[in-house]
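Student: So the sequence lines, in the order shown, correspond to chains H and G.
For the first sequence, the residue numbers in this note's numbering are 1 to 259.
For the second sequence, the residue numbers in this note's numbering are 1001 to 1457.
Derived by calculation from the structure, the hints in this document are not laboratory data.
Just so we're clear, the structure is a prediction, and the values are computed from it rather than from any experiment.
Please note that a few of the clues may not be correct.
With a Cα cut of at most 27 Å, we get these calculated DSS-like pairs of lysine-lysine [unchecked claim]:
| # | chain 1 | residue 1 | chain 2 | residue 2 |
| --- | --- | --- | --- | --- |
| 1 | G | Lys1324 | G | Lys1232 |
| 2 | G | Lys1072 | H | Lys28 |
| 3 | G | Lys1170 | H | Lys88 |
| 4 | G | Lys1101 | H | Lys88 |
Negatives, chain G to chain H, calculated, CB over 12 Å [what the hints assert, rightly or not]:
| # | residue |
| --- | --- |
| 5 | Gly1063 |
| 6 | Ile1075 |
| 7 | Ser1179 |
| 8 | Leu1187 |
| 9 | Glu1190 |
| 10 | Leu1210 |
| 11 | Thr1264 |
| 12 | Tyr1268 |
| 13 | Gly1272 |
| 14 | Ala1294 |
| 15 | Gly1308 |
| 16 | Tyr1323 |
| 17 | Asp1325 |
| 18 | Pro1336 |
Yeah, the Cβ is synthetic: ideal placement off N, Cα and C, and Gly gets one too.
Spelled out from the first residue to the last, the chains are:
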Amino acid sequence: MFPELNNLLNVSPDKPEQGKFTLLCDAKTDGGFLVHHFLSFYLKANCKVCFVALLQSFSHYNIVGQKLGVNLIAARDRGQLVFFEGLKSTVEVLFGSKEQPNTLKFIRESSSDLKSLYEFVQKALTPSGDGSATSWKFPVLLVDDLSVLLSLGVEAVAVLDFIQYCRATVCCQLKGNVVALVHDSDQTEDEENAMLMNALGHQSSLILRAEGLVTGFCKDVHGQLKILRRGLLQPKNDEAEQWNTLLKVIEIPCARARI
Amino acid sequence: MAALTTGSFLRKVSVPGSGAAGGGGARLRSIAGTRPSVQNGQLLVSAGLPALDQLLGGGLAVGTLLLIEEDKYNIYSSLIFKYFLAEGIVCGHTLLVASAKEDPGDILQELPEPLHDDNYKKVLDEGRSHKSQEEPEISMKIAWRYQNLPQMEAGPGTSSRFGHYYDVSKRMSQEVIQSAKWHKFFLPEEITSYANVESCALNHGYTKLLHFIQRVISEQGFDGSNPQKKQKNILRIGIQSLGSPLWGDDICCADTPEHMHSLTRFLYVLRGLLRMSLSACIITVPSHLIQNKAVTSRIRNLSDTVVGLESFIGSEKEANSLYKDYHGLIHIHQIPRLNSLICDVSDTKDLAFKLQRKVFTIEWVQDNYLRQERNIYPPGFSYLLKQKDSAWGEGSLQHSTFLMSFLAKTTAFASRLVRHCEPLKQTGSGGIRQTAEPGMWHDGRRQRAPGLLGIAT
């Protein structure tokens, strides 16, 4: 996790916020570093994390996580991290045996329904109730990323339903957090993606947008980060605070990034 | 360290196997034609063109997908496709060639011939003969002991090297092609029967191709499932003109195609197959035919490396004097960030290619079309740009900040000047302060450019 980003957001692993839906967008640049940040942040904050990774393999997140100071394999072994690898499940669905019930069976069928994925998330994050497991702080759902679901033929409405169900379960019932990444394609005419992003932005309490520079490519600065906070229950901050920060991500072997 | 520097998925694959396999598979002997990346230890293979390898950050990572957006007449993209396959044969990798248009056997007959040491020098000298006459013999005064050593040149060597050079005017010899191990998928031959294929909401042709690729991967052991085979090898997959109507897909034909998700689903499953095996894939897509831009952006998001080719044939850029030596532009749209937070993006963004009689070269076109139109920049600024190693060069922080503040305030201003090409009046009192300010320009609008040059009051 990046300490500078924590300072900008006024959070720390000791006292993270609860019951929030955070939306991550990226436009013209890669917002993956935000996903890595939140993954390491919540693992360090001792929360139970369900990570739905649709685009990259587990080893990719593991290696970056080691650079940011968390060990995903250890977290998975002790039950803190439930990792759903979309790519591996897809291959199993298409080329494996038919009898296995699988969460990604919407790829095989043409009717797009994310119910099975939601049930997976629900089973992963609801506390088992037998009291033997160590208690984690609160559950967190992390999705990387939702635009891939649109490419797979799921309708935007189905994705919105999925997020609504997850929010109802994780944010309201279990008092946890939901973080999702959506690619922003404002230059192209991807209307479904635009609709998805607008609807999710409306529901979220915090939006982090990573954008490339307006003037084009620059060696020293990778882009800018916009932080949009929407205060829901505090009457004094009812206007959205918007911060613009220029950022550059540096990778040093001792794993610190400068924003 | 050997296990760490090779592809990360190798460790993942060897772990669930038996104990003997885990011990033997974790220490990977180096595979011919690959090298670990300097930046993050990812295993790389060459794309066939050393210039392209450099632009892609050292090479193509094993387990990833290279998408080539075809140029209009599919001349140069098929050439890059053939370079990729030829590199596979020279390195001894296994090939899988899939096409709906040409028989893959015919594609293999047209591969360029690899060049060896002395031939390469001759070919290069032919191209640069006029330059070599101008350079005089420089004799070394201090380091005279090193005078007679051969010049260091990055030339081709034996097949254990990474990246080879090819002669496009000649064909690869038959013996070399026969000795290569390859699998072919020719769509008209495969789609004769419609039975026994489970429908997974994918195009029929794509489904068959996916099953074929998965069968080759698992039977030949590219996913680590055959632990007895000590000698690991790379599978190079090449799929030509994916998405064209010959594959049965209609995204190139209609604005709102019926099977809009067929190709994207195919790419997603292909990505899953690639990530779990020792393979590298190149696909060419005629994206200039795709009307729906949303599909193009989705295809790009699902690929790892995206390279677009734009040829000058028949376009108005052919007459542009800036491009008179070149045949087209090459755009690197996307480079993957694998196992790290950043990627090795090259600094040069304006790249052009040219196909000489024997060699395909990629060069940086000097970004001087902006400088020629001096009306955008105040005259003092273009002086700063012209200096060698200036801190104001394109891509520097000062340059971008200046542009942001300057152009944001005077965009209409600048465009008006460009259209009319009016010369600027110098006020004559000299000093960088005055010439750099747009406030001094003669139409009287007194707008200041704040920021680093705003020294004036």
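Student: Find the nearest Cβ of chain H to the Cβ of Ser1179 (chain G) and say whether that gap is larger than 12 Å.
Tutor: At about 31 Å from chain H, Ser1179 (chain G) clears the 12 Å cut-off, so the statement holds.
Student: Is it correct that the beta-carbon of Tyr1323 (chain G) has no partner in chain H closer than or equal to 12 Å?
Tutor: 20 Å, holds
Student: Verify that the Cβ of Pro1336 (chain G) lies farther than 12 Å from every Cβ atom of chain H, and report whether the claim holds or is violated.
Tutor: Incorrect as stated: the minimum Cβ-Cβ distance to chain H is 9 Å, not above 12 Å.
Student: Checking one constraint from the list: CA of Lys1072 (chain G) to CA of Lys28 (chain H), max 27 Å. Satisfied?
Tutor: 25 Å, holds
Student: Please confirm whether Thr1264 (chain G) is truly not at the interface, meaning its C-beta sits more than 12 Å away from all C-beta atoms of chain H.
Tutor: 4 Å, violated
Student: Evaluate the condition: distance from the CB of Ala1294 (chain G) to the nearest CB of chain H exceeds 12 Å.
Tutor: Ala1294 (chain G) not clear of chain H: closest Cβ-Cβ about 4 Å, inside 12 Å.
Student: Would you assess whether Gly1272 (chain G), listed as outside the interface, keeps its beta-carbon beyond 12 Å of every beta-carbon in chain H?
Tutor: Per Cβ check, Gly1272 (chain G) is inside 12 Å of chain H; nearest 4 Å; violated.
Student: Examine each Cβ of chain H, and state whether all of them lie more than 12 Å from the Cβ of Tyr1268 (chain G).
Tutor: 6 Å, violated
Student: Over 12 Å from every CB of chain H: does Gly1063 (chain G) meet that, or does the non-interface label fail?
Tutor: 8 Å, violated
Student: Please work out if Lys1101 (chain G) and Lys88 (chain H) have their alpha carbons no farther apart than 27 Å.
Tutor: Given that 27 Å is the threshold and the Cα spacing comes to 31 Å, the pair is violated.
Student: So if I understand the rule, the pair passes when the alpha-carbon distance is 27 Å or less; does Lys1324 (chain G) with Lys1232 (chain G) pass?
Tutor: 46 Å, violated
Student: Checking the smallest CB distance to chain H, is Asp1325 (chain G) really beyond 12 Å?
Tutor: Holds: least Cβ distance 24 Å, greater than 12 Å.
Comparing the model with each earlier hint shows violations of hints 1, 3, 4, 5, 10, 11, 12, 13, 14 and 18; every other hint is respected.
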